[in-house]
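Based on the hints, put chain C in the right spot on chain X.
Residue numbers (my numbering), protein chains in the order written: chain X, 1 to 552; chain C, 1 to 131.
These aren't lab readings, by the way, just hints derived from the structure by calculation. Glycine residues also receive a C-beta, built at the ideal position from the N, C-alpha and C atoms. Do not rely on the hints blindly, as some may be mistaken.
Pair by pair, the computed Cβ-Cβ distance ranges are [claimed, not checked]:
1. X:Glu512 / C:Glu25: 42 to 52 angstroms
2. X:Ile262 / C:Ser129: 48 to 58 angstroms
3. X:Gly277 / C:Gln66: 19 to 29 angstroms
4. X:Arg513 / C:Glu25: 36 to 46 angstroms
5. X:Leu354 / C:Gln66: 31 to 41 angstroms
6. X:Val274 / C:Glu25: 25 to 35 angstroms
7. X:Glu523 / C:Gln66: 52 to 62 angstroms
8. C:Ser129 / X:Gly515: 37 to 47 angstroms
9. X:Ile367 / C:Ser129: 43 to 53 angstroms
So these bits of chain X aren't anywhere near chain C, every CB distance computed over 10 angstroms [what the hints assert, rightly or not]:
10. Asn84
11. Tyr125
12. Asn193
13. Ala318
14. Ser326
15. Ile331
16. Gly333
17. Leu337
18. Ile365
19. Thr436
20. Glu457
21. Val524
22. Thr529
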Amino acid sequence: MVKNIKKTSNRVVAIAWAMMWLVHPALAGTGSELSPDSRAGTVMLIVFFSMSCLLAWTVLNNRRTTSLVKVKSEDAAFQIDALNRHSIVTITDKHSNIIDVNDRQLALFGYERSELIGKPASILYPESDFSVYANVRSTLARGEIFTGETRLISKTGQIIWTQSTIVPMFDDEGEHIKSISIRTDITKTKIANAEREMRTALHLVRDEIYMFDMETLKFTYLNQMAMEQNGWDEAEYATKDPGDVNPEFDVATFRALSQPLIDAEVDQVRYSLVNKGTPYDVSLQLIQPDGARPRFVAISRDASERVALEKTKDEFIATVSHELRSPLTSIKGSLGLILAGTTGDFSDRTRGMLEIARRNADRLILIINDILDLEKIAAGQMKFVLEPTDLTELIREGIDANEPYGGRFGVSFKGEGLEAPVIVNCDMDRIFQVLTNLMTNAAKFSQAGSHVTVALEKTDETARISVIDTGAGIPPDAQARIFDRFAQVDSSDRRAKGGTGLGLSIVKAIVERHGGKIELESEVGVGSTFRVDLPIMAGRNSEGEKGHTVAA
Amino acid sequence: MSDTLKILHVEDDADILEVARLALEMVGGFNVLQCSSGAEALERAAGFAPDLFLLDMMMPEMSGEQLLGKLREDPQFDDIPVIFMTARAQASEVEALKGLGAVDVIVKPFDPVTLSDQINQVMAKYQQSKA
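Next up, chain X with everything else stripped away, as it sits in the complex:
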C-alpha cells in the first residue's frame, strides 16, 4: 500500500509541478513576488488537484465503478476559496522546514508569514507534544500519509487542536521533497466535548461544585447538586457569583484566602464555613483550561454529619469521664477516710491491703485523665493558650516542683544553661506538663544517688530542652515505640514504677502541637536523653543572649 501511494503520489506530484509552472512560478521556487492570497489560492488549487488524483486512483484501484464528478474551473476556484477559509494549510520541505502557509494559519496562530517561513514545523507544536511531531516526520519519511488529531500551539501559547492530514510529495526519483498539511481547527469541539464529559461526571457528584471566573467571580459552571441547592437552572447561574450563594461571602476575605492559589504557592486551599446554619467543608482550586480564562473550582461538602459526629464524641468523652469518676470518687474517698483512721482502728495487714486498693484507684484516675487528654489532643479540642514564656523560669519551677518526687527515688535535679532568658511562644501549663513527665520518668528509672540534668540550649530557630539521666537506658527495639500509647520497655515497669504508659504519647502530642519535635537518644547501661525542640520567637530574644551548650 505504501509503495502504491508513493508510486501514485509521484505521478500526482509530476502533474502538480507541471501545473505549478503553468499557474505560478512562485511556488516552484523561482522566488518572484506574489500576494499571499493568490499564493495560498494556488497552493490550494494544487492540493485539490493532488487530492482529486489520489482519490481517483484509490477509487479505480478498488475497482469501484463510481465516476468522479467533473469540476469546472470556476467551481474549482470557488471550492478553493471555501477550503482556504476552512483549513489551515502548511507546506514544508523534506526537512520539515516551513515553506508556505495560508492566511487562516496566520490568523489563527498569530504569526506574521515572515515569522514562520524557514522555521522548522516544530514551532507549531507544544513542547510536550514533540513526540507527536517526531512521529509525523517519520511517517512522512516512510512515504505514508499522516492523519490524526494534533495539538498545536499559537504564538501566544494558546493550544489549538487540529484534525490533520499531511501528505508527502515525491519527485520523479521517488525522493521525498515536500509535504503539505491540511488541518481543521477542532479546538472548540474538543473543549465542548471535554466540558460535556466533565459536566456529565460532575453532575453525578453529591458535593456541590461551583466554578467561577478568577476576575469577575461570575459562575461559569454549577453541578446538579449546586443548582438544586440554590434553586437555579443553567440559564440562571451565569449571572450569579458566590455572594448569591452565601450572603456572608466577603470578596476581600476570599481574595486573601485564594491569593496563594494565584501565586501558585499551593494547589489547594481548604476551609470551613457556615451557610444559612449548615456547616460546609470547602476545597478550592484554581484551574486554567485550554483556551479558557482561569477559574476557581470550589467543592463544597455538607459537613453536618462530621460536626454532629464530633459533638457526639465530645458528649461521649464527657459522659465516660463523669461515669468513671463518680464511682472512683466513692472508692478513693472511702479508702482515704478509712486509712486516715476516721472510721476506727485496723491491723497493719488490713492497712497494707487498703494501701494497694487506694494506689490502684489513683492509677485508674491517672489513666482516665491521660486517655481524655489524648482524645482531646487528637481531636484538636485541647485548647492551647500560646504566650511568650521564659523557659529558664519554667525549668526552675519544674525542678522545684519535682524535687520531692525525685527524692522518693533518691534522685536530684540539676539545671544547665538557665543564665539568660529564652522566650518561646507556648502554653506554659502544657510545657510544664511535658517537663514534669520527662523529669519524673527520668527520676523513676535512675539509680538512687544519681542526678538528672535539665539543660537548655538556644539556636537561631529553636530552644532545646534536654532531660538527661544516667539510668538503665532503653534498648533500641523499644526506642522505636517509646512514644506509642501504652508502650513501656517492660510491662512490669508500669506496675513497679506506677506509670500509665500514656505519658510520652501525650508529651509528643503536646510538643508537636507547638510545632516542635521530640527525640530520644539512649544506650543501655549508660542512660537516656529526651530532647524537646520548640520553635523560638523571632525578635523576642535579644542578640547578646547565647544559650549554653551542654554535652549530652
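Using the frame of chain X, we list chain C on its own:
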C-alpha cells in the same frame, strides 16, 4: 455566722454523699446539710441558712449551674459563696465554671482527707475579699 461553718451539699450520688459527709463532718468538723437534688436544696435552704453551697455539677433534672441560677435569684442566697464539684477535670472546663460565679471548683475524685482544708482556704480567701 456561727463558729461552725454551715455547708449545704447537693449531690445525686448516694455513695459520694456518704463519703463527703464523713469528710466534711468528721475530718472538717463542719455543720453539713445534704440534699440529693436541686429541688430539695431549694426547699430546705432557707431553714438551714448555709454559709456555703457545695454543688455537684452534673445532676438530673436540675444541674448545679441551674441551681446556682435559682439561688442567685433569691435575695437570701444571692451573696452566699458557691463551690462546684465536677468530674469534668479539663482546665478550660474548670475556668468556665468559675466564670459562672463559683468561688472555686473541686475536681472529682476529691481527697476526703484534704477536702476540708481546701474548703477552709477558699472561705478564708473569700472572706478576705469581702472584708
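*No chain C beta carbon within 10 angstroms of X:Tyr125's*: Given that every Cβ of chain C is farther than 10 angstroms from that of X:Tyr125, nearest at about 63 angstroms, it holds.
*Least C-beta distance from X:Asn193 to chain C larger than 10 angstroms*: At about 56 angstroms from chain C, X:Asn193 clears the 10 angstroms cut-off, so the statement holds.
_Interface exclusion of X:Asn84 relative to chain C, criterion Cβ beyond 10 angstroms_ = X:Asn84 clear of chain C: closest Cβ-Cβ about 78 angstroms, beyond 10 angstroms.
_Assertion that X:Leu337 lies farther than 10 angstroms from chain C (Cβ)_ = For X:Leu337, whose nearest Cβ neighbour in chain C is about 5 angstroms away, the distance does not exceed 10 angstroms, so it is violated.
*Evaluate the given range 43 to 53 angstroms for the C-beta pair formed by X:Ile367 and C:Ser129.*
38 angstroms Cβ-Cβ, so the 43 to 53 angstroms window is violated.
*Starting from the range 52 to 62 angstroms, see whether the pair X:Glu523 and C:Gln66 falls in it by beta-carbon distance.*
holds, 59 angstroms
*Satisfaction of the hinted span 37 to 47 angstroms by the C-beta atoms belonging to C:Ser129 and X:Gly515*: With a Cβ separation near 40 angstroms, C:Ser129 and X:Gly515 satisfy 37 to 47 angstroms, so the hint holds.
*asked:* Taking the Cβ atom of X:Leu354 and the Cβ atom of C:Gln66, is their distance within the range 31 to 41 angstroms?
replied: holds, 38 angstroms
*Are all C-beta atoms of chain C more than 10 angstroms from that of X:Ile365?*
The assertion about X:Ile365 is violated, with a minimum of 6 angstroms to chain C.
*Go ahead and decide if the range 42 to 52 angstroms is satisfied by the Cβ distance of X:Glu512 to C:Glu25.*
Holds, at about 48 angstroms.
*Using the beta carbons of X:Gly277 and C:Gln66, state whether their distance is inside 19 to 29 angstroms or not.*
holds, 27 angstroms
_A cut-off of 10 angstroms on Cβ-Cβ distance, and X:Ala318 was said to be off the interface with chain C. Does that hold?_
violated, 6 angstroms
Of the hints listed earlier, those the structure fails to meet are numbers 6, 9, 13, 14, 15, 16, 17, 18, in rising order.
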